[in-house]
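**Student:** Going line by line, the protein sequences match chains A and B.
Per our numbering, the first sequence starts with residue 1, numbered consecutively.
Per our numbering, the second sequence starts with residue 112, numbered consecutively.
Take these hints with a grain of salt, some might be off.
Said to hold, decoys possible - Cross-link-like lysine-lysine pairs, in silico, DSSO-like; alpha carbons within 27 Å at most:
(1) Lys71(A) x Lys168(B)
(2) Lys22(A) x Lys71(A)
(3) Lys206(B) x Lys37(A)
(4) Lys168(B) x Lys42(A)
(5) Lys98(A) x Lys206(B)
No lab work stands behind these hints: they were computed from the structure.
Since the structure is predicted, the reported quantities are computational estimates derived from the model, not experimental observations.
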Amino acid sequence: GENVEQHPSTLSVQEGDSAVIKCTYSDSASNYFPWYKQELGKGPQLIIDIRSNVGEKKDQRIAVTLNKTAKHFSLHITETQPEDSAVYFCAEESGTYKYIFGTGTRLKVLA
Amino acid sequence: KAGVTQTPRYLIKTRGQQVTLSCSPISGHRSVSWYQQTPGQGLQFLFEYFSETQRNKGNFPGRFSGRQFSNSRSEMNVSTLELGDSALYLCASSKLGRTGELFFGEGSRLTVL
Chain A
1 GENVEQHPST LSVQEGDSAV IKCTYSDSAS NYFPWYKQEL GKGPQLIIDI RSNVGEKKDQ
61 RIAVTLNKTA KHFSLHITET QPEDSAVYFC AEESGTYKYI FGTGTRLKVL A
Chain B
112 KAGVTQTPRY LIKTRGQQVT LSCSPISGHR SVSWYQQTPG QGLQFLFEYF SETQRNKGNF
172 PGRFSGRQFS NSRSEMNVST LELGDSALYL CASSKLGRTG ELFFGEGSRL TVL
């Protein structure tokens, strides 16, 4: 069935180090993969997205890679800062007007 | 530009009661989606509306329903509340509802006792 697996569920890194979050999806027809960041007490906010015709996309310290053959996509955050601490969700657009989200990764950046 | 507004932000109900949650989308956005967020389960899709029409529905029992008004505002209703319905209910709006950014509200936190 429709499913997005996300790992790890929690991740602690030292400030300045890199963080990587990985997701695997099941719907081979999916063509759009966004990443959302949720801070405490707030709704998720889009931070980066990638479409299936692109293998990698970068926006300053954040990058996303996509491997359609393996149905994997990953979020890479470099030079992490305390304000990067939040819960991150990957998602795939599955079918019509519906997104399947991963279970989230709680990232803690230690000062 | 005002963001997505959800009301109420917090509410407590008892089993068997019903609840109605409201969502006002960003001006100009015609698509409204609802998601249930629980610890360990991430965000689960409930339904999506566009121009007052439900275009897709998630795998939730019939106790969960929704609607959208002509001004794009949306409501969701949960009847005969169960303890397992305790969750954060998130509303998201977008221009078209597909292949694009979802703008989420801060959510309505429902506690069922």
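**Student:** Hint by hint, say whether it matches the structure.
**Tutor:** We went through each hint and held it up to the structure:
no., hint, verdict
1, Lys71(A) x Lys168(B), "holds, 25 Å"
2, Lys22(A) x Lys71(A), "holds, 11 Å"
3, Lys206(B) x Lys37(A), "holds, 20 Å"
4, Lys168(B) x Lys42(A), "holds, 24 Å"
5, Lys98(A) x Lys206(B), "holds, 14 Å"
Consistency note: the structure conflicts with none of the earlier hints.
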